[in-house]
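Asker: For this one, chain A is given, so just place chain B on it according to the hints.
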Amino acid sequence: MKIKILSIIILLTGIIAISVNAQVKLTGAGSTFDYPIFSKWFDTYNKTTGVQINYASIGSGGGIQQLTAGTVDFGASDAPLTDEQMNTFKSKRGTDVIHLPIIMGGVAITYNLPTVGQGIKLDGETLADIYLGKITKWNDPRIVKLNPGRNFPNKAIIVAHRSEGSGTTFIFTSYLSKVSPEWAKKVGNSISVNWPVGLGAKGTEGVAGIIAQTQGAIGYIELAYAKQNNLPYCQIKNEAGNFIEVNFNTVSEAAAGASKHMPGDLRAVITNAPGKNSYPICGFSWIVVPKDIKNYEHAKALVSFLKWAVTKGQNDATSLYYAPLPKPVQKLDLEKINLITSNGKKL
Amino acid sequence: MGWEMYTNSVLSIRKFGFGFLTSTTWDPFSQVFGALPMIYGTLISSLLSLIIAIPLGLGVAVFLSELAPAWLEKPLSFLTELLAGIPSVIYGLWGIFVLVPWLRDTVEPFLQNKFPNSPFFQGAPYGFGMLAAAIILSIMVLPIISSISRDVLKSVPNSQREAAYALGATKWEVTKIVLSYAKSGLLGAIILGLGRAIGETMAVTMVIGNRPQISASLLDPGYTMASVLANEFTEAASDLYLSSLIELALVLFIITIIINIFARLLVWSTERKWKLSPM
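Residue numbers (our numbering), protein chains in the order written: chain A, 1 to 347; chain B, 1001 to 1279.
It is worth saying that the hints were derived from the structure and are not from the lab. Since the structure is predicted, the reported quantities are computational estimates derived from the model, not experimental observations. A couple of the hints might just be wrong.
Claimed, not checked - Cross-link-like lysine-lysine pairs, in silico, DSS-like; alpha carbons within 27 Å at most:
1) A:LYS92 with B:LYS1015
2) A:LYS186 with B:LYS1176
3) A:LYS90 with B:LYS1015
4) B:LYS1015 with A:LYS137
5) A:LYS346 with A:LYS90
Next comes chain A alone, as it looks inside the complex (with noise of 0.2 Å):
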């Protein structure tokens, strides 16, 4: 008879937790490029905890304006707000965004080269006026001059580019912008752009696509894409002067050394870092959350979440091709988390 009264307590109390945990639903919009990330902390946060997070994938853009709107607790996007975006977050909400680095990626600059083989050496001028349009030949003597030892034969570059907007346009074209002043003046730096010449496809592989059937082609494509399709990427000239292969750590590297220089609110935008093994086309992806959360119980979730999400979570980047935060960085988001607040009062 005890046992009975006993294990019906504990069924009881284990139903009451469960129901008492699973009340706290949060729900997230924006970025495409950590959606497959997302999912998998979702999955182990929700069995760890209980608490249940729901995001939509619509889109960095979509992100924005859903947590400006207040729809959502939380934003995600591969690009940070621009301030015209802040004062409106400000004006709506009556309280400022906070913007956190949540995880990484790289950007592969590959390429259809057959006979030339994996690894050919670039810098930021040479590749800026490749997509200027100003080195229209794969022959050109300033890219045989990078790479002496190798043949390159007299073909015309193809340019590939993304049509849609995307991050990882936003990480490509700030590099572009920072190695090139003809870039940055004629082309800029944005999510999408008016592109001097080449052709435009949908997603990473569409990218892809045009450059594996295409002879001569050149493009860029997250870094995970390339790893997980054995695509020949080059090296690039990172600020420090060395050939930098793109893969996990020298993306964490270019994070490092850009953490050094953080900006007070984290858009740090970290292409060309500084450091000996930084790989130069590489940035963040930023959670967006308010600094007050008027609903407490859902304040109080999506801090902890955040603080597992910038630790514990980020071992698992590296299975699904992200590049990890360096600790430097984790640490930077752990002081931002600790700032939130609902209806003005600590968490």
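Answerer: Chain B only, in chain A's frame:
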């Protein structure tokens, strides 16, 4: 729906005015938006596809309704209608893996050798571009034109054919008479096909090269209104950008409405003729 789009695009209508329709710059970074290259791309790719699809579609329809024996007619018309049921993303994939390499390696170099001075075949043979888009579209439009035309031809009263035969007309002459009798219905079929071509998004996006430019060369990449919307809507972060995209949707909407009204008028005029003609 039109009103909703209008209110959402007010920002860009105010900023660019009529220039939105005539400017050729589409630059999300500097926030300058002009729709002319997309309007051009939409109209040209659709018209080119019709140039390819009309003779083929009408040919199939005439064959099925006038010439084919009954045992051949059923499976053949089933096959053409099957083409209409294939999702457009499948056409797009076929375009990327079969059509584009074929155009790049065979057709486009051939065209350039044959017509070295023609302005229509200048530029690097990418494979991706206006020509690829037009061919994909024509394949998608073909079943619409052929199946509607077949129904139109079938509904031509047999007395017309019998009368023509009675006057000693050959099979070819009878076909010509039937075609001229069904003229406005056939036009309606073509207009419906055009409507489909203008609105088609996915397959075109996958092969057209997505470059907002106006070029006479069919080998150059282009852009269509529907493709821009599919590509850029999700990540359009600024208000003006979003508003310009919605205005673009409004322009597309208006163009499709005009075409539909046109089609409706044609169908009405066919019906009127039906009533006048003795059965």
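Asker: So which of those numbered hints doesn't the model satisfy?
Answerer: Structure breaks hints 2, 4.
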